[in-house]
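Engineer: Each chain, written out:
2 protein chains.
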Amino acid sequence: MADNHKMWQELGMDVETHDLLCEALPQAFGDVFLSQKDRPNKMDYFNMVVADIHGIRPSELIEHQKNGGKVVGSFCIHVPDEVVIAAGAIATGLCSGSQFWVPGGEKVLPTATCPLIKASLGARFDRTCPFFRICDLFVGETTCDGKKKAWEVLSEDAPMYIMDIPQMKRQDDFEKWEKEIKNYIKKLEELTGNTVTQDSLHDAILTVNAKRKALQRLNEFRKLENIPISGRDVLLITQIAFYDDPKRFAQMVNILCDELEQRKKDNFSVYEKGTKRILLTGTPLSIPNWKLHQIIETSGGAVVCEEMCTGIRYSEALVNEEKASMEKMIENLAQRYLGNINCACFTPNKSRIDDIIRLAKEYKADGVIDVNLKFCNIYDIEGYFVEKALADAGIPCIGIETDYTDEDAEQLKTRIGAFIEMLS
Amino acid sequence: MADNHKMWQELGMDVETHDLLCEALPQAFGDVFLSQKDRPNKMDYFNMVVADIHGIRPSELIEHQKNGGKVVGSFCIHVPDEVVIAAGAIATGLCSGSQFWVPGGEKVLPTATCPLIKASLGARFDRTCPFFRICDLFVGETTCDGKKKAWEVLSEDAPMYIMDIPQMKRQDDFEKWEKEIKNYIKKLEELTGNTVTQDSLHDAILTVNAKRKALQRLNEFRKLENIPISGRDVLLITQIAFYDDPKRFAQMVNILCDELEQRKKDNFSVYEKGTKRILLTGTPLSIPNWKLHQIIETSGGAVVCEEMCTGIRYSEALVNEEKASMEKMIENLAQRYLGNINCACFTPNKSRIDDIIRLAKEYKADGVIDVNLKFCNIYDIEGYFVEKALADAGIPCIGIETDYTDEDAEQLKTRIGAFIEMLS
Numbered sequence: 001m002a003d004n005h006k007m008w009q010e011l012g013m014d015v016e017t018h019d020l021l022c023e024a025l026p027q028a029f030g031d032v033f034l035s036q037k038d039r040p041n042k043m044d045y046f047n048m049v050v051a052d053i054h055g056i057r058p059s060e061l062i063e064h065q066k067n068g069g070k071v072v073g074s075f076c077i078h079v080p081d082e083v084v085i086a087a088g089a090i091a092t093g094l095c096s097g098s099q100f101w102v103p104g105g106e107k108v109l110p111t112a113t114c115p116l117i118k119a120s121l122g123a124r125f126d127r128t129c130p131f132f133r134i135c136d137l138f139v140g141e142t143t144c145d146g147k148k149k150a151w152e153v154l155s156e157d158a159p160m161y162i163m164d165i166p167q168m169k170r171q172d173d174f175e176k177w178e179k180e181i182k183n184y185i186k187k188l189e190e191l192t193g194n195t196v197t198q199d200s201l202h203d204a205i206l207t208v209n210a211k212r213k214a215l216q217r218l219n220e221f222r223k224l225e226n227i228p229i230s231g232r233d234v235l236l237i238t239q240i241a242f243y244d245d246p247k248r249f250a251q252m253v254n255i256l257c258d259e260l261e262q263r264k265k266d267n268f269s270v271y272e273k274g275t276k277r278i279l280l281t282g283t284p285l286s287i288p289n290w291k292l293h294q295i296i297e298t299s300g301g302a303v304v305c306e307e308m309c310t311g312i313r314y315s316e317a318l319v320n321e322e323k324a325s326m327e328k329m330i331e332n333l334a335q336r337y338l339g340n341i342n343c344a345c346f347t348p349n350k351s352r353i354d355d356i357i358r359l360a361k362e363y364k365a366d367g368v369i370d371v372n373l374k375f376c377n378i379y380d381i382e383g384y385f386v387e388k389a390l391a392d393a394g395i396p397c398i399g400i401e402t403d404y405t406d407e408d409a410e411q412l413k414t415r416i417g418a419f420i421e422m423l424s
Numbered sequence: 425m426a427d428n429h430k431m432w433q434e435l436g437m438d439v440e441t442h443d444l445l446c447e448a449l450p451q452a453f454g455d456v457f458l459s460q461k462d463r464p465n466k467m468d469y470f471n472m473v474v475a476d477i478h479g480i481r482p483s484e485l486i487e488h489q490k491n492g493g494k495v496v497g498s499f500c501i502h503v504p505d506e507v508v509i510a511a512g513a514i515a516t517g518l519c520s521g522s523q524f525w526v527p528g529g530e531k532v533l534p535t536a537t538c539p540l541i542k543a544s545l546g547a548r549f550d551r552t553c554p555f556f557r558i559c560d561l562f563v564g565e566t567t568c569d570g571k572k573k574a575w576e577v578l579s580e581d582a583p584m585y586i587m588d589i590p591q592m593k594r595q596d597d598f599e600k601w602e603k604e605i606k607n608y609i610k611k612l613e614e615l616t617g618n619t620v621t622q623d624s625l626h627d628a629i630l631t632v633n634a635k636r637k638a639l640q641r642l643n644e645f646r647k648l649e650n651i652p653i654s655g656r657d658v659l660l661i662t663q664i665a666f667y668d669d670p671k672r673f674a675q676m677v678n679i680l681c682d683e684l685e686q687r688k689k690d691n692f693s694v695y696e697k698g699t700k701r702i703l704l705t706g707t708p709l710s711i712p713n714w715k716l717h718q719i720i721e722t723s724g725g726a727v728v729c730e731e732m733c734t735g736i737r738y739s740e741a742l743v744n745e746e747k748a749s750m751e752k753m754i755e756n757l758a759q760r761y762l763g764n765i766n767c768a769c770f771t772p773n774k775s776r777i778d779d780i781i782r783l784a785k786e787y788k789a790d791g792v793i794d795v796n797l798k799f800c801n802i803y804d805i806e807g808y809f810v811e812k813a814l815a816d817a818g819i820p821c822i823g824i825e826t827d828y829t830d831e832d833a834e835q836l837k838t839r840i841g842a843f844i845e846m847l848s
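These protein sequences, in sequence, are chains F and W. Quick note: the first sequence uses the working numbering, first residue 1, plus one each step. Quick note: the second sequence uses the working numbering, first residue 425, plus one each step.
Treat the hints as calculated values from the structure; they're not laboratory data. No experiment lies behind these values; they were computed from the predicted model shown. Hints may be right or wrong, so weigh each one.
[To be verified] Which chain F residues stay away from chain W? Per the calculated CB distances, all over 12 Å, these:
#: 1; residue: C22
#: 2; residue: Q27
#: 3; residue: M48
#: 4; residue: D136
#: 5; residue: F385
[To be verified] Straight line, CA to CA, 20 Å or less: simulated EDC-like cross-link-like pairs of lysine to aspartate or glutamate:
#: 6; chain 1: F; residue 1: K179; chain 2: W; residue 2: D597
#: 7; chain 1: F; residue 1: K186; chain 2: W; residue 2: D596
#: 8; chain 1: F; residue 1: K179; chain 2: W; residue 2: E602
#: 9; chain 1: W; residue 1: K603; chain 2: F; residue 2: E387
#: 10; chain 1: F; residue 1: K107; chain 2: W; residue 2: E811
#: 11; chain 1: W; residue 1: K610; chain 2: F; residue 2: D172
#: 12; chain 1: W; residue 1: K531; chain 2: F; residue 2: D392
#: 13; chain 1: W; residue 1: K606; chain 2: F; residue 2: D173
#: 14; chain 1: W; residue 1: K606; chain 2: F; residue 2: E175
#: 15; chain 1: W; residue 1: K531; chain 2: F; residue 2: E387
#: 16; chain 1: W; residue 1: K531; chain 2: F; residue 2: E401
#: 17; chain 1: F; residue 1: K182; chain 2: W; residue 2: E811
#: 18; chain 1: F; residue 1: K182; chain 2: W; residue 2: E825
#: 19; chain 1: W; residue 1: K774; chain 2: F; residue 2: E401
#: 20; chain 1: F; residue 1: K107; chain 2: W; residue 2: E825
#: 21; chain 1: F; residue 1: K169; chain 2: W; residue 2: D597
Ideal Cβ positions, reconstructed from N, Cα and C, are used throughout, including at glycine.
Let the hints inform the model, and build the full structure from the sequences given.
Structural biologist: Have a look at this one:
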């Protein structure tokens with residue numbers, strides 16, 4: 001940890017304040033994760049990564065920079081990591097999931113902004129997150145009002161680049177998104193001094209697909225009657241997917257899946273019989289936001305799927321793996337990054353409703369919890385359709401609104417507990 | 425009024441509930457408008473229009489429909505009326521400014537949605553506004569999250585058409601917006617059975633420009649030291665601009681301006697000496713939202729300019745009047761409707777900040793009030809830049825957040841009164 005402190009100081013961080021965050025994390029992690037019975041042994045890697053989340057990976061990123069490489073941070077699963085990797089840079093997620101950073105964000109943003117956005121800006125302005133110090137470029141997008149406008153504030157302190165995502169999905173919109181990806185490639189080539197080639201782009205597509213395939217393999221186990229891994233652990237792994245080296249990460253997930261294969265053969269479940277299967281849908285759960293999973297899984301429920309950016313929305317669809325012309329591979333990226341992600345930022349967004357119904361069936365959910373981060377207007381409004389479609393399908397559902405504080409934890413326990421109890 | 429009732433019944437309105445609104449309006453109108461000293465005589469036309477706002481104009485729209493014409497409603501000054509007029513249809517504004525409609529909107533939308541959007545949906549779902557019954561087409565846009573998603577809910581009950589506005593203003597974005605206008609023309613041609621021709625489009629450009637020029641002429645009087653018309657009256661006229669027949673409206677505004685010319689020669693002011701000049705900036709004030717003007721102008725202030733959609737943003741820029749090819753005229757429309765409206769929905773939106781500073785100088789404002797409709801995230805976040813730029817320019821400014829209720833009226837009076845008092 002002495003080395004970490006030196007690194008954080010060199011990054012210009014507010015080390016003293018940051019220490020408070022470091023002190024709180026082990027307790028929270030222990031309560032949510034280490035307290036679980038029957039965790040797979042191969043969770044050890046992920047435990048280690050998160051235990052030193054501001055140490056191990058940041059030092060790798062800095063090492064890359066010392067060798068002349070660049071680090072590119074982004075906030076949204078619509079921004080294609082493939083082109084970053086193809087330009088020889090490292091891509092890292094930046095979404096922030098702790099209340100620790102929210103007050104810093106509230107200094108520059110209205111209180112009535114979603115905690116994810118406030119925490120992200122707080123992490124930068126308060127200088128209490130190494131990832132927010134390291135990145136050479138911060139890539140924002142125009143998915144929602146809060147983010148779109150927050151990037152303007154962030155750009156006062158950090159080097160920003162904005163991708164304008166279409167709000168609809170017509171043929172013209174796919175062409176627009178292709179143009180945005182091409183512009184992004186140009187920007188990355190300028191930043192890195194490297195050229196994105198047919199080979200490097202194709203390799204990157206394979207690399208990121210391999211990560212998604214590992215996550216798909218992991219999620220398949222959650223469809224079993226006897227589930228060999230908890231929802232909490234899968235959430236943690238998905239959160240780490242945004243930060244870790246993609247090749248090592250895929251390898252580690254596959255090693256874990258090998259262990260789960262054995263559990264599958266043994267019909268081994270980490271849950272007691274009668275545990276209710278819950279599909280979570282809604283806004284993302286960024287690291288270290290584990291609140292809902294913890295409440296659900298200590299109230300007689302098992303989270304079997306997250307129809308979320310930090311869930312199936314991130315991993316379910318692959319990019320076409322053909323080694324084609326640059327033009328065609330960019331078209332394939334646009335197809336996947338616009339067409340196959342059903343964020344509530346789009347209008348209309350019926351495909352997400354279809355996804356929820358389909359996933360509830362595939363994962364044999366007993367009930368659905370529709371989660372909304374406070375002040376996220378798009379998911380909040382779309383909840384109207386989610387709840388209607390689930391009612392029509394005869395699938396029990398409750399809508400929950402929450403933020404990063406623990407103030408509503410008791411109330412949520414009561415509501416979620418009652419919901420799970422009434423599931424037949 | 426008997427005829428109105430018959431018309432409202434035939435429109436399928438909830439006449440009984442609507443009567444409550446009709447009963448409340450004369451009192452509110454009397455308090456805000458008729459109580460003023462020295463109003464121009466030629467306000468009579470506008471008084472009449474608003475006194476029978478759900479009678480006169482709706483009956484004209486219905487007459488148009490009886491003759492085979494169509495009526496197209498929209499919610500945003502980015503949607504070009506010119507192409508509606510060029511297709512032989514009538515364009516009408518639909519934004520709703522009364523708390524009366526908010527609870528109806530809250531039945532289908534989250535409470536944490538801006539009152540303008542909630543009121544607009546409430547007006548339709550509660551069947552208490554004739555304009556929302558009459559329209560053959562409802563044209564929404566993707567300017568903000570709340571509107572973008574609310575149109576999906578509205579489309580369950582009303583025939584919607586969506587224009588996807590770019591969130592940025594690069595060359596590609598102008599091309600995208602041209603395409604949207606072309607698609608809109610196609611849609612209108614289908615709806616009306618008419619063809620938009622070079623002649624009809626050019627005529628429509630002249631018609632809408634004439635309306636804007638009349639409003640520009642009216643606003644010029646507010647730059648004078650002795651202001652011959654109140655801010656309340658100009659706001660009312662601007663609100664009526666969204667509903668009235670554009671040619672008649674322009675004519676009536678010009679007749680009023682002739683009267684104001686005489687007042688100008690006489691150095692006549694409707695305000696007492698020492699009244700402070702206030703620039704309002706921020707979110708729109710839809711009819712009958714007169715709350716802030718009333719508070720300001722009964723607290724020692726004069727509203728001299730609204731940097732708002734219901735203000736200078738609506739009237740300041742003209743479309744190029746050249747009679748060119750269809751292609752070129754659509755390009756001119758795109759230029760004006762994307763380039764010259766600086767809504768907070770764009771990123772970045774520095775031109776709006778420049779507008780505010782410029783307008784504060786042109787209208788010799790003593791102070792600026794930055795108004796935000798509750799839960800409007802884009803203007804709320806942009807307020808950060810507005811207040812910073814005004815501080816840098818040495819122009820006093822306060823930020824106000826409000827909604828359509830009267831609950832905060834006393835608090836606003838105190839704050840605004842104190843602000844005006846401290847202006848030197």
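Engineer: Sort out which numbered hints this structure fails and list those numbers smallest first.
Structural biologist: Going through the list in order, the structure violates hints 5, 9, 17, 18, 19 and respects the others.
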